[in-house]
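A.B. asks: Take the two lone chains and join them into the complex the hints point to.
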Amino acid sequence: MRVTTEVKAATRDRILVAAAEQLTLGTWESTTTRDIAAAAGIANGTLFNYFPTREAIVAALIEVTTPNATKQYRRHRTGHETLDEELFSFEWTALKSLRAYRSFLAPALEAVFSPLASPARQDPGAAIRQTHLESVARILSDHGIPQPLPAVLLQLYWTLHLGVLAYWAADTSPHQEDSLALLDHSVKLFVASLSGGAGGTIYERGSE
Amino acid sequence: MNADLNELLNALPQDLAESAPDLPREQLQRIFADLAMRRPPTSSLHRVWSVGELGVQVALACGVRTVRGWFSDAGERERQQLESNLRIGLRIFHRLSYLRGTLMKLGQMAGSMPHLAPAQIVDTLDRLRFDAPPMHFSLIREVVENDLGRSPEEIFQSFEQNAFAAASIGQVHRAALKSGERVAVKIQYPGIARTIDADMRSIGALLAPVRLAFGDAIEGKFEEIRSMMKQEVDYKQEAESLGFARSVFADRDDIVVPRVHPEYSGSRVLTMDYLSGVHVDDFLAGNPSQELRDAFGAKICFAWYRMHAEKMNYADPHSGNYLFMNDGRLGLIDFGCMQHFSDNAYKSLGESLQMAAGGTAAVREILLAEGIPESELGDEAFLKIIVESSRWIAEPLRHAGPFDYGDPTHLKARFEWGSGLAANKTIMRNGTPAWMYYHRSNIALLALLYRLGARVDMSQFPIAEWWSKK
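Chains C and R, in that order, are what the protein sequence lines are. For the first sequence, this note's numbering gives the first residue as 1, with consecutive numbering after it. For the second sequence, this note's numbering gives the first residue as 1, with consecutive numbering after it.
Bound-form chain R, shown alone (with noise of 0.2 Å):
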């Protein structure tokens, strides 16, 4: 096993733990006994079956909730619903570590889908990435000889033989080059990359209650997923993109992209610049001061929208993802899934800000002008919810002075229009695929900032002038 068990106890939201402490604990004990036996699948047979497993028990769950919930009081009701939740979290958790690979990249999409996968269920997929259980030496030596022609005995001057990270569909090794430079070398386990279509097959079974609510709408939204999975597993489309990342920033800004080394690089191996730092949970175990905090938030900031100024969405900005560095610098170390708005979706991010500041009156013109036909815009909920998400994005930005990351408020308005939005049969047919993954990352930023307890004035930073220009 090489997770520590109360750090993912720790993460679940206290709320939870509070309400049902036996629960999680004892499920998560058996998952994790089974985890430690286990090796993903690359069968494609096998992985339909455990994914139409969890359909299934997916499915059940959602129909006993609504059952016991026709007999409950409200009070009730909420905390069946929180254990449901949980339950159907944890079964999620369970078959996509077993699976890992592409059903572990759409445990994190679980954000888009609230009604199935609310605030519990997030929170606890967003363990996920550090759990995979390792591969061994001998098969990082095959994987290595396979994609680079030569052994990592032959290619590294040193190669530490345990990972210090494990990803989705990767881990990663610290090791020098033969130069004596310290790299951080990212696998790829074999076979995950060639089942992503499989994959999206077996997804299209699992998320049956889903797509029985909101019909073909919802194709469009797989496609995205699809595109995006498919440049995660590609190495070589990472490298590209942490290489344009680099070109983003400059040294004043301390944001730190680290450089790929191509000749120690392929489609299954990518050998990058091993950047020193610590991610959240210690940084914020060593209480570090207001000033810190804020200032680190102030780049979390920055980086995320000088790079959607360049057209492009940190479209996986898990906390792992960012590295606090010793020296004040912040790393961002994994750009696997980077998404490169079209011309249309980044548009549409600007006239956000538009609406924002509008309101109904100039959320109906806008719409018009992309094209939504005018029959849709007679659903009010519809308009309600556009103007809501569009205040809530442009709320930091449009504040006077720093801006109170770690204030609840925020955060928790995200979940109360967000449950509209899941329910809302207009926007699932009228809704921008984009939009799915810049939500999911939008939440997950907010989330890194608010447990930072950042407070940041966005006005010291360029936006709209940044928007202006494209």
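Same shape as in the complex, but just chain C (with noise of 0.2 Å):
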């Protein structure tokens, strides 16, 4: 029998939810690919014709939740925001439309952004961090940064986006606030390294 498109991403997407549900009731040590497909209604082999590990069904959770978190970025945007806003709101944005997944992110977060990942490993979060960085450097762009962004800044911002969303994956204060506070931060410092400022630094050294 053809397996169509339709009911391969039917079945994908029942792969996802079922993803979703098991590891949010278990834990990211405890839930196999095994009951994930149990789950799903699948045999276990075939869940690995859409997904190689567990690493990239998580993946492919945190990459579905990217056109709904843009949208809502997008509803609120006015263009009269400085850039360190845009970046949190942005950042802000994407962290609250994972909000579902957090009880299993945190652990799961060094599997699959591992920086140790390479191509012939098969990075499961190679192509989050493109799309992610491509965002980003739209909003750099609209704000007057020169592209193209070197190489040394994008990776230096995909590791201050990969700190805060350890960080909030982990955060136990209400609302996350702490997550909220330090993302503000870790903004303000990303912006001032673009405009040359060393941020916190000035005053010490004028005061030597």
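Be aware that a few hints might be false.
[What the hints assert, rightly or not] Computed, partial: chain C to chain R, Cβ under 7 Å:
#1 E85
#2 F88
#3 S89
#4 H175
#5 E177
#6 D178
#7 L180
#8 A181
#9 D184
Everything labelled a hint here was simulated from the structure, so no lab data went into it. For clarity, every value in this text was computed on a predicted model and none was experimentally measured. We put the beta carbon where it would ideally sit given N, CA and C, even for glycine.
C.D. replies: And the structure:
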């Protein structure tokens, strides 16, 4: 029997829904691809036709939230935001769209976005990284930052993003308010680095 | 940068500006350049690091001052002390602006430690509250949504994205409800409230030089500060205080306390009626008549003592908390720091008037009745300070006719007996923590009345009658 594109898409969606349920009910360590396949009503072997690893499933879960997050971010955008405000808004909307997955994101992040991953090892987070940084580059461009951006700068931003994401995923403060402050502070530092300022050191240097 | 450097420099005492004009300007420029780049850290570790560094700087500055003073003549010593005090003040200013929250409040407490923070430092620190960098609207939206379950766009008909006032732990925005009513919305910086306990541990380290001098006796004062700070970050408590204060004043008093809108308020967001008026600087810039200044001075005094009669102290009488309204009414706009007197503290306050009238013998009798051990009463310097401070507090009340708050003699006397207060170990051992906030707020009140140049006949207020009812 030929499997149509529609059936494939429906099965993929079913796997993602089942994975979110299983990972939320259980833990990252205890939930296997076998559990996810069973919950999705498919054979374990079939699941691997769609996702080669458990990390790839989580990466796909993150990816499917992106369009909605982008929509939310654009809905609030007035065009009068400063660069740091716009980056803050973009990042926080992305984090909020992942809220349902917070319970398993913290332990999964290391595997999904491992800095040791390489194309040969099928880096599950590569596509997310690329999409995210393209959006950031557009925001920076809108604010007059010359393109193309240096690779070092993009890596710096991605490191900052992962740091905030990891902190937010494990943040126990009410409504993750500590992450709000951390993100605000981090974005300010990044923007300061763009303008050549070394945030927080001017006064100390001057008072030597 | 959201603050005007010249405005801040103008707030520095004139004698200081004349003696070392370049020092504050140069340092302040560096501070402001730096502040523009910074956000308040909420990480406990980061705060501890900053405070630790500050503690070392303060201790070093104090040490250098002492050593240099050994080799100087009196005139030179005075100049050096002034410079050193300013330098410490600016360092505290810088750190506290960065740390905001709890530590900024400590800065405002500096008046209770005159040997570390005399008049120049207190004057500089008094400017802090309006100079904190603001949150942008995207952050505001998240705080409001977290606290009230809806975004500002959903709750309000309009919401001004730029804050019109910044406070130590929050900032205030003008807005209009769907009904069209104009409101002021106070919003707290995320994460500040939960850092109080961690900060108090840091403050313990910062004040190590003071603790060395006074031992464990300062612990009760720390506890008082901690309790007041916890209250200040609790907007629900502030809403209650606002409600209670509103019930104290009648329409005929011409004193306005904003009404809280509880349906649009929570623990991080406080929505109140918007009061239209100006702060003292702008009021004085309009060159008001003596009559108008006296009238506002009388209202300020009335509000202060009327709240005392209800066992409340408007404990953070920063000049920015008073609003001079166009229609002649006085607005009281910040109730985050309300001191509620215990029965004992209230009794002690009333007795200070008796002490003023009775001299040393009366003081001994009252202190014994309050449970101060007889052995402590052999310290003549201690008794003298109690008598002087009581007389000072009572002076405007006992004065025949209008008391001229614009005469600097009264304010200067506070610093004379105040310097003895901080150095007296008997007071540190036996002083009631409640008096610490009382003195701080009292001196700020006097400073405001002094700036106003107000003349107030205190006999028009039935203060003794209010007290006797309690």
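A.B. asks: Could you run down the list of hints and mark each one as holding or not?
C.D. replies: Okay, the hints, checked on the actual structure:
1. E85: 4 Å, holds
2. F88: Hint holds; F88 of chain C Cβ to chain R Cβ min 5 Å, cut 7 Å.
3. S89: The hint holds - S89 of chain C has a Cβ within 7 Å of chain R, the shortest such distance being about 4 Å.
4. H175: 4 Å, holds
5. E177: Holds: closest Cβ of chain R sits about 4 Å from E177 of chain C, inside 7 Å.
6. D178: 5 Å, holds
7. L180: Result: holds, 4 Å to nearest chain R Cβ.
8. A181: 4 Å, holds
9. D184: 6 Å, holds
In this structure, none of the earlier numbered hints is contradicted; all agree with it.
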